[in-house]
Every structure is written in structure tokens, then in C-alpha cells.
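**Q** Protein sequences appear in the order of chains A and B.
Just so we're aligned: 531 in the numbering used here is position 509 of the first sequence, and the numbers increase by one with no gaps anywhere.
Just so we're aligned: 131 in the numbering used here is position 109 of the second sequence, and the numbers increase by one with no gaps anywhere.
If you are wondering where the hints come from, they were derived from the structure by calculation, not from laboratory data.
Bear in mind that the values here come from a model prediction, so they are computed numbers and not experimental data.
Hints should not be assumed to be uniformly reliable.
Intra- or inter-copy, both count: the list cannot distinguish identical chains.
Said to hold, decoys possible - With a straight-line Cα cutoff of 20 Å, these simulated SDA-like cross-link-like pairs (lysine to any residue) come out:
| no. | residue 1 | residue 2 |
| --- | --- | --- |
| 1 | Lys621 | Tyr689 |
| 2 | Lys680 | Asn699 |
| 3 | Lys278 | Glu326 |
| 4 | Lys68 | Gly281 |
| 5 | Lys301 | Asp29 |
| 6 | Lys690 | Asp630 |
| 7 | Lys690 | Ile378 |
| 8 | Lys340 | Leu31 |
| 9 | Lys219 | Gly234 |
| 10 | Lys372 | Ala618 |
| 11 | Lys219 | Asn656 |
There are 2 protein chains.
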Amino acid sequence: MTYGHLDQLAINTIRVLAVDATFKANSGHPGAPMGMAPVSHVLFNKFMKFNPKNPKWLNRDRFVLSNGHGCMLQYALLHLFGYDVTIKDLEEFRKIDSRTPGHPEANDTPGVEVTTGPLGQGFANAVGLAIAQANTAATFNKPGYNLVDNYTYTFFGDGCAMEGVACEAASTAGHLQLGNLIAIYDDNHISIDGDTKVAFTEDVLKRFEAYGWHTQWVKDGDHDLEGIEAAIAKAREVKDKPSVIKLTTTIGFGSKLQGTGGVHGNPLKEDDCKAVKAKFGFDPEQFFVVPQEVYDSYHKHAAEGAALEAEWNQLFEKYGKEYKAEHADLSRRLSGLLPEGWEKKLPTYKPTDAAIASRKLSEAVLEAIHDVVPELIGGSADLTGSNNTRWSNAVDFQPPVLGIGDWAGRYIRYGVREHSMAAIMNGICAYGTLIPFGGTFLNFVSYAAGAVRLSAISHDRVIYVATHDSIGLGEDGPTHQPIETLAHFRALPNCMVWRPADGNETSAAYYIALTSKHTPSILALTRQNLPQLENSTIENAIKGGYVAVENPNADITLLATGSEVSLVIDTVKELKEKHGVTARVVSLPCFEVFDAQSKEYRLSVLPDGIPSLSVEVMSTLGWERYSHEQFGLNRFGASGAYKDVYKKFEFTPEGIAKRALATIDFYKGTKPRSPINRAFQQLI
Amino acid sequence: MTYGHLDQLAINTIRVLAVDATFKANSGHPGAPMGMAPVSHVLFNKFMKFNPKNPKWLNRDRFVLSNGHGCMLQYALLHLFGYDVTIKDLEEFRKIDSRTPGHPEANDTPGVEVTTGPLGQGFANAVGLAIAQANTAATFNKPGYNLVDNYTYTFFGDGCAMEGVACEAASTAGHLQLGNLIAIYDDNHISIDGDTKVAFTEDVLKRFEAYGWHTQWVKDGDHDLEGIEAAIAKAREVKDKPSVIKLTTTIGFGSKLQGTGGVHGNPLKEDDCKAVKAKFGFDPEQFFVVPQEVYDSYHKHAAEGAALEAEWNQLFEKYGKEYKAEHADLSRRLSGLLPEGWEKKLPTYKPTDAAIASRKLSEAVLEAIHDVVPELIGGSADLTGSNNTRWSNAVDFQPPVLGIGDWAGRYIRYGVREHSMAAIMNGICAYGTLIPFGGTFLNFVSYAAGAVRLSAISHDRVIYVATHDSIGLGEDGPTHQPIETLAHFRALPNCMVWRPADGNETSAAYYIALTSKHTPSILALTRQNLPQLENSTIENAIKGGYVAVENPNADITLLATGSEVSLVIDTVKELKEKHGVTARVVSLPCFEVFDAQSKEYRLSVLPDGIPSLSVEVMSTLGWERYSHEQFGLNRFGASGAYKDVYKKFEFTPEGIAKRALATIDFYKGTKPRSPINRAFQQLI
């Protein structure tokens, strides 16, 4: 087809809106929107199916702006197509509590699929969205019922192309042959440091070819709308590979500073704004103007999308008659609720049961619930046998042509790519039909920190199965033994960090993780065996903290998590028998969940008037919030058999008793206030 | 040349030592050493120059085992060539406090250049070592004095090849045309999840070609010693590109389980150990046996290395006569000491000086000291203008052929690659002649967490210039506003986290960062302007914490860091004028340095008997160690002008005063103990 005046007008409207919004905010990035307006116009108006009136329609095409700093591009498109993003919202760009924050946030803006801005994340999210689409299609589509056949499109810039997380994700996408994924690379040769020739001279398309992608190059992304259309059309036809289209554009197209770093991260100067508007046939004195014919054209496309959804709804209804169970399952998944009674499958343990490593207890949970929670889709960053993340009859998620799995498979081989695993999980979660979990060693969740942060910001229900959670991993040594990791993620808002002490606590961790629709969880699990404890029940543990050993006239409260709970229970005996001292024990598997309990309950667990000592074999930072004194490891660990390592650092009943006695002595004659009692409430 | 019996014997000796050590430890990874013994033999015995008696000789070739789990390979080589690694050390593989920990640690084992194991890090360290070599050569070599011309070799496996950090570093190395870097890719098709076909099917050599590397493939890495030699020789000749040699090997070569995942991370079974030894002509009943002719051959090569060093020492002495200043400079750099009197160049400020953002104050330090501290080599992950990391007349470190810098340049364009920037800095530091610093936003230091951890484990003097350190960055919003980041790195052992409040504190941070030879530093710096404070001096601030406003009869101590110090000073006035309350103020720019002061000093700063409130606009986790009550932000931030964001979250004199009053009220009638007074000393 050919393009004409209206197309150019629409493109320039997008550009001018971006110019106006960044100018008014006196902040933001006009360059990318001005450069990518042409491809956006072609993609959104010619190819993408979506219904602005229902941004959550399952079979919509997904769009991810990985170069999220260019968000005025996305906000302009959302407004023009009729999403609930008004001109006033655009005027409030980058203002407090607006719908148009400085980077796209999925929870703030209708039509934004995932939260982007930290570079490379969106690209990897898009891979996750495409995986979820393929898996959902294979699970639910039936002959005559192509319920799920959407594409995932992503824009990314040089910054994303350089980031390791995107490189990892691109390699995974190539391996997985995700034909439903189309990435458009904004090759504008500019990053914040100016011309990319200073740091980035690789052949990007050749790299993607090496990953197994289909590659195309549109050399004039500023004007060649036909070329853009042809490339996207071709990419849609390629079903056995993800596609990348390198689109050479001029950043800040139309500005006096076009093609330079000057237009990347700063609004245009006033005279430049006016000149741009004049050049594009807009009134230089007017702001936030949208020609009616642009609205009309875009609303027409939106109405076609709405009609497609209406058709789809009928199809889905008909599907429900023929495939009742599948219809119910998919509907339930979309509601975010788990199947009724699923929790009855959670394993429970008696104190007489064998000692088991919590990574194995986690495996037992997955083994027990994977049938009743079919939206669970797991994987590991190449540590399957160590993380125990794969249930026994799992099928790999793989392109069927490889002969080692299929699209309906629920086990993903992420490779040694922790960061992209996490970012891909965020994308899978955002699709709406699956709950992803992924394994690595706790220490290497740090490699994924950028993406874990976005799980939390985005309210993603994803589960990090983080095994080998301490010096207890033993011989691999300090480079693999986490010290700072729990403190790191405990300080991250909206993230639950669980460190269960035994089987019931592990089941409780999964219970809360799976029923918390808007919060990611990190499960810190041991390599070594843990005994089943007396007072540990799912009911106790889901409170985040509880009394594991009560002693009404105790001289001290000992707090611990995970592998140290049984150790402090052993210490109670040591203290009683050798020192005539009475101790009580609190297990605190999850700070964040404990904090959410009533003050009354928390004070019953950590009462006033009794000194307390916490024990955890890693950084003590943050434990001061719950205990008066802390025994931990504020140094790196050591390579050796795990019992030797514990002994070296005095994590033995004797070593703990020594510090408990020092604590009792220190507080003698005082009635220390419980750390739960505070002067004022924190902002949350 | 041709290879014969002795070569094969040496190769098999390496294999058998790895089999024995992992068997005795009942832990470890025999597969990679058995597969890579042939290339190790050729590389170490035919090409590498080193003197085992002086592992720190400047012009030695560097070797990095990026697949660090295969460390028995390296330990065996170090032993055989005569480094101070004995057979007893090999027998104590993976035992507590041995010289042969589970992964190579630079501080534990003579001859280990960098700490590896966390995958991808070593590869990126090697890029750093190669950068440092090129820069040092360009700075010090003179006609007739090729003082520095060593190569950097690295082995890496599939795991490293998949990790984003290595992908980023490979792209950088290609751009920089590092002809002195030779990477050998152990293409054994096995990772922990088994055959790499489940997750990793890209064309690795093509990818490296796309980065601009010279690529070769040796198809039979198990037997083709001539081919290996020819490939390495060719790679050494390629001066304008880094080289990668893909070496197809059989993991666990010689074992019954060779070529499978079974031999990757587990010792061989006893019968397999015996069979391997028998196959290789060793006595199956003997352990840790080294044929004398292998020692003789390797010691001969070591002696040649010692002779090379002796020649080099003469050359360097002669150089000293001709190039006195350069000789003195290089000698001093190698000692790790800074030039005498350098600290006099540090900027100082008076309270009447203008308010300046601490990122600009950091720039002023770099501007002032870069001439007197010539070993400083800086850069940024594509945020040069925002991080203010480049002094005004800086020259880029670039291949001269690009026309935008030269090898002696001291400013590195890392691109949008935070993780590899950090890992490359670790490598630069390990070379021994340079002190690297690198900039990004504080929030994106998290992308580099894996490498920052290794800076700390490895005792690397590297400096992270982490700007835009809080919600004070404003409009970019929650995805860019750190909340958990300071807690994360405060919990990391051997890492200084500085958050200076003004100019003198910024100079103090640099003073301690640069004079701490074995500790990395993170400098958290503001985007927004900060006033110069009354009591702030370099002398005060280098204690990590000091009294910024004293008031003998104060009702409360207010603690803060960075941008919040001036805010709590404003609050003192608010409290006095509106509430008749007297407050004192403590600035605590660095927890770790404050912790190292005498208890007497710390108690003078945070005395008993007075309640305290800390104020920092991010997670409060960890502040309980210094204050009774905490005001912070245990939620994500907001996008808006920075003053609006501060106001939204009540970080104003009024908001702080409200909480100060609540604190005073809560502790009324009590004499709270200083948080400095503790029941027992922590293990450090």
C-alpha cells in the first residue's frame, strides 16, 4: 500500500506531542519518540490488534517499549488510539502521581504491558510474553479455536542492545525459535555519551543471526513507510524464528539538533519546539494539538480492534461449550485466583519425619501441586538438579522440532542466564495466564537484581527458587556463599524473602507466594538437610514468624531463620543443661509477612521485657529491627565441608550459647523494650 | 613442532591430579580439567611467560580461568610449574583454610590473578587485564624498552559464554581491538543441565565475529596439540583484534562418563578413578603422583620464565637511568602507594561556598587530582555527562585507528554495560598499575552486583561513582530511584558505601577510597545541589561519622547522610523555634569507616541517654544499628520534580520534626542506651 498526507500527519502529531510534553515537563526524552514515530504509526495502525477500551483482552498483540525513556512515544500512541490516557495526562507528564510517569509503569497507565526504563529489561520481558503466548496457545488452542495467536512487538535502542540481560534473552529467544516475537531495533547511532562509535561498533544484525534470529534492515526509518510495512509483514510470516528489524532512524527527527546526543535526554529549546511545529505544519504557538483526522483514523483502527475482541469473545463462549474444562481453567487463570482447594495438596510434616534439605522440600511442593496448579511454569538457570525445580514427569518447553519438548511444556531451560531468566519471568507473568518460578543459587539471584527489582515494582507474582542459601553450601566457597543477599532483598519493597526452617515452613512459603497476586517471592533454601520441627505448622509459618519453642519464664528469646532454627533449638538444651538458663525460640521465616501481622500478635512473639538474640549465618544488617543483639557473619565465608564452615564461624550450640549468655548478662537488671514497639509508623 | 610421550604424560598428570583432588575432597569438578589439560599444557609450556618464584612480576602473561569451577586445572598447573602450591595443598582441595578453595581466589593462592567462579566474571576480568596492559604499555614503553608486552589468556566455558556480563565484555573488547587478549572457549557441549542443546544453540564464533573478534576453531581439542599450538600462535599474531579459539573438547576425557554431565560437577567414582589412572599409565592404587620428567619439563619452562624476568629487571633498571620519572612512577604504582602529598590537591569548601551537587563535587575532585594521581583511569556506563566522571582535558582510551583517542587515554567508554564495566574494573585493578573508577546511576550499580561482590572478595581498590542516588533524581521515577541499594552494599563485607553531604565530605570519601588499598568503594552522589555545611571537614568526615551540629543538652540526636544532612540541620531550627526542642545532628557518610573507629569516639558521636532518629530517603534497613528510630522510605518512589517527591514523602523539616517529636515522646523518662553499646563483638 502507499502512504499519504494523513499518515505523515499522524506521525508528526506523535512527534509534536512528545515535544510538547517534554517541554512542559522541562524533563524527558523527545529524541526517541521523534525518531520512532514512523515505525510506531505503521505498526500500531496497520498491524497491531488491540482494544483500547479493554487493555486486558487476552489475545491482544503485546507491545513493549524497551527503550522506556522514550515513553512519550507510548503515551502519545495510547492517547491517540483512545486508551484512558487524556491530553491532561500528557500535560502532566513526569508530574507527581500522574498517569504518565518518567518511565512506563504497568500499574500506572492503561495499555502499558510491562514496566520499562532500566535498559534491556523490556526486551527480555518481550521474550517472556512470547514464551507465555506460545505456551498458552499450545495449551488452550483447539482446531477451529485459535484463541491465542497474538504477536509480541518490542522496540529497543542501542542501550538495550548493549545490556547483558537483553543479550541473554536474545540468545534464549533464538534457541526457542519464537516466531511470534518481532523486535525493532532503533539504530539511531546515539546514546547518552553521543555517537555510539565510542563504545558500540559491533554488527548487531550479525549477532542476532548468530542467535538464530531472522534479520532485516530498513535503511531509511525516517521516510520509508512502505519498507517498514514490508519488513514487519515479512517478520510476521517467519514462524520458526524470532525476527529483528534494524531500523536506521534519525533521533529527534525534525529538531535543529536531530541526529545528535543533544536531543536524547533533554527537551527541545523553545525556539526549536516552534520550528519543529512550523516544519510539521502545526501552529507554533499551540500546545498538545491533535488534528481531528488523526483521531478519526486511529479511532477507526481502535474500533476494528474492539470488533475483533467482540468476535473473540463469541469464539471463547463457543469454546466454552465444546471445551468446558479448558474454558474454566483459562477463565480462572485470567482472574488470578488459584483452583479451589489446591492448598490441600501442600505437603505437611511431623517432627518424626526425616530431615530433608529445603531445596528438596521445595521440590516436594512442586511435585505435589503442579497438577492442581496448571499455570505454574518453572525452570532454572542451568541448575535443575541442584535447585530441584523440575517435577518428575515434567516436559520441557521447547520448539517441537528439536525433539526434546514441546510448546505446552512447563519446564524452561534458561541456560546460565540468571538476569534474563528473571526478566523473562516478569514477561511471562505479565501475559496473564501463567505463574513463573525459576531457580538459581541464592548468591546468583544478585546477577538478576535489576529484574528482581522490576518484579517488585511491577507487582509480579514470580517465585525465585534460591537454593544453596548460605555458607551451608560448603565446598564451593565464598564466591558462592551469600552474605549480603537476604539483607538486599529484605530492603527491596514489595518483595517477600522466605527462609523456611523445615517442611511445613516450606509449604507455607509456597502458600503465601502463590496466593499473593501482586508480590514476588524469593525462597532461600538449603543444600543441607534440616530436621522437621515441633511447633512448625503451615498455620504458624504463614504469619511470617511464630514461637517455635515457648518457655514462660525465659531469660532470652533466640530468633532464627532456616537452617539456624534447629540450631538455636539445640542451643536451648545447651543453655539449660550447662548454664541453667531458659531460652525461648522464635522462627522468623519471612520479615515482610511478619511485619504485616497485628502489633498484638507480633508482641506476643517478641514480647517486652526479655532480651533477644538473632542467629543467621549471614549479614546481621536489618536484624536489629527484630532482636536486641545479633549473631551473624559480616565477613565472607570459607570453602570446606559445611559442618566445618559452621564450626569455623562458631555457629554451634556452644558458640550461640556463649553469645546468648553475653546478651543476658548485658541486659541484666533491665527490662528491654521489644523491638516491635516503635515511636511511629513507617510510610508504606 | 611435534608432540610426544612427555607431552602426553604431562597432560595426563594434570588430569590425574584433578581426579585425585576431587575424589579426595569428595567434591568438585573434574570434567573441565580433564578436558582442558591438553590446551593448558600447550599454552603454559609453549607460550606463556611467567616466573613461579615471583608471581607478581609485572610483565608476566596473565591467565584467567573464567570457568573457575575447573580450578583443579589451575591448581595442578601452579603446582607443576613450581608456584608455592604443594602436593599437600592439592590434597587439601576444598578444605577449610586451605590454599586450594572450591573456586580460585586471588588472595589465597599464589599465581591466581583474579577470583573466579561466578560465571562470566573471569572473562570480563581478562578484558580488564588486557585494557590495563595496553594502557600501561602506551604510558611507559619507550623505544628499546618494551617494558610491558604481555598477553592475557582466558579459558571460558559454555556457562561464561551464556552470561550477559561476558557478552557485554566481549562487545567492549571487540570495539577496543584488544589484540593482546586471547580467549579459549571450551566447547564441550555440556553444562550442569546436560547437553547444551537444551538451551544454547547459537553460533558462538559468529557472535564473536559480530563483535569484531578474530575467530578460529580447533575441532579436536582432545588430541590435536599441533592444531592448538598453531591457533594460539596465529592469535598472538593478530594485533588489531582480540582472538577467540573455539576448542571442541570432551569433558572428563578418560572417564567412563566422559562427554556427559555426570563428570561436570561430581568426583569420579572409585572404580572410574582407577580406570582413568590405568588408562593413562598411572598406578591405580597411588594418589597425587607426578612423574619426575613432568616436573623437570615444567620446571625448565619456569626457569626460562625466571630468566626472562631477570632480563626484564635489568631492562627496567636501565630504563630508570634514561627515564627517571617514568621509572619512579611505575615503581610507585606497583607499590600501591599514592604520590606523596597528593591529598593536598583535594578540594576543600567553606560554609559560604555555593551549593553544589555531589556528582559535581566528585567531578571537582577528579579534576583536581587526575594529574597527581596518574594511575586513575575512569569511565562511565554511557552516563558521562550525568555521572560527571570525565575531567575536562581527558583523552579517551581507544584504539588510535578510530581517531577518537589512544591507548594511553584514561577515559573508558564502557557503553550501557554496567555489569561488565564493574568486572572490567576488577581486571584493571588486578593488573597492578592502575586504579579504576566507573560511573553509573546508583540504582544501576545493582545491575553490576555480581561484579561488585567480587571487587569486595578480591580486595580490589575500585571506585563506583554512583550518581542520582535517591528519589532526589526526580522525574525519572521509581524505576531509577534506589531504595534498597545502600542497604544491599552496606551488608556486603569489605565494601565502603559513602554518601557524602557536601564538598568536604566528598573529598573525604575520595581520600579514604584511594588510600584503602584493599577495599572497593561506592560513592553515592546526588543529582541535586547540596549546601556546604558548618562542621564538615575532611578530618571529620574521614572518620565515617561525626557531630555536624552539637548541642550539649539536646533532647534528640538526628542522624543523616548525604542530601538529608542539610535537611535535618534545617529541622534543628524548626524544632527549636516551633517546639522549643533542642536537637543535635550527626552526619554518618560511611557506616563501614565509622564502625572502624574506637568505641570511645563512636560513643562521643552517639552517646548514651539520648534518643536518636535517623533520616535517609530510602530503606531504613540497617539504620537500627545506629539510631533508635528511623525515618526512611520502605516503598518505591515517585516520578516528579525532586522537591515535589521529597514533599510527597514528608522529607521536609516539618515531616522530620513530627517524627522527632514522636521519638522524644516515646523515650520520655527513659535513658536509652546508645546503639553503639552492644553485648558482644561481631566476627569480622
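**Q** I want to check one pair: lysine 278 and glutamate 326. Are their C-alpha atoms no more than 20 Å apart within a copy, between two copies, both, or neither?
**A** neither (38 Å within a copy, 64 Å between copies)
**Q** Under a CA distance limit of 20 Å, which applies to lysine 340 and leucine 31: within one copy, between copies, both, or neither?
**A** neither (42 Å within a copy, 73 Å between copies)
**Q** Please sort lysine 301 with aspartate 29 into within, between, both or neither, judging by C-alpha distance up to 20 Å.
**A** This pair counts as within: shortest intra-copy Cα distance 16 Å, inter-copy 74 Å.
**Q** Using 20 Å as the alpha carbon limit, work out where lysine 219 and asparagine 656 are close: within a copy, between copies, both or neither.
**A** neither (43 Å within a copy, 41 Å between copies)
**Q** What label fits lysine 219 with glycine 234 when the C-alpha limit is 20 Å: within, between, both, or neither?
**A** between (26 Å within a copy, 13 Å between copies)
**Q** For lysine 621 vs tyrosine 689, is the C-alpha pair at or below 20 Å within one copy, between two copies, both, or neither?
**A** between (24 Å within a copy, 19 Å between copies)
**Q** One pair to classify: lysine 690 and isoleucine 378, alpha carbons no more than 20 Å apart. Within, between, both, or neither?
**A** neither (39 Å within a copy, 49 Å between copies)
**Q** At most 20 Å between CA atoms: does that hold for lysine 68 and glycine 281 within a copy, between copies, both, or neither?
**A** The answer is neither: 27 Å in one copy and 51 Å across copies each exceed 20 Å.
**Q** Tell me, please, which holds for lysine 372 and alanine 618 at an alpha-carbon limit of 20 Å: within, between, both or neither?
**A** Answer is neither: 27 Å inside a copy and 47 Å across each miss the 20 Å cutoff.
**Q** Cα distance capped at 20 Å. Does lysine 680 pair with asparagine 699 within a copy, between copies, both, or neither?
**A** between (27 Å within a copy, 18 Å between copies)
**Q** State whether the alpha carbon distance between lysine 690 and aspartate 630 is at most 20 Å within one copy, between copies, both, or neither.
**A** both (14 Å within a copy, 17 Å between copies)
Hint check: violations occur at hints 3, 4, 7, 8, 10, 11; the rest are consistent with the structure.
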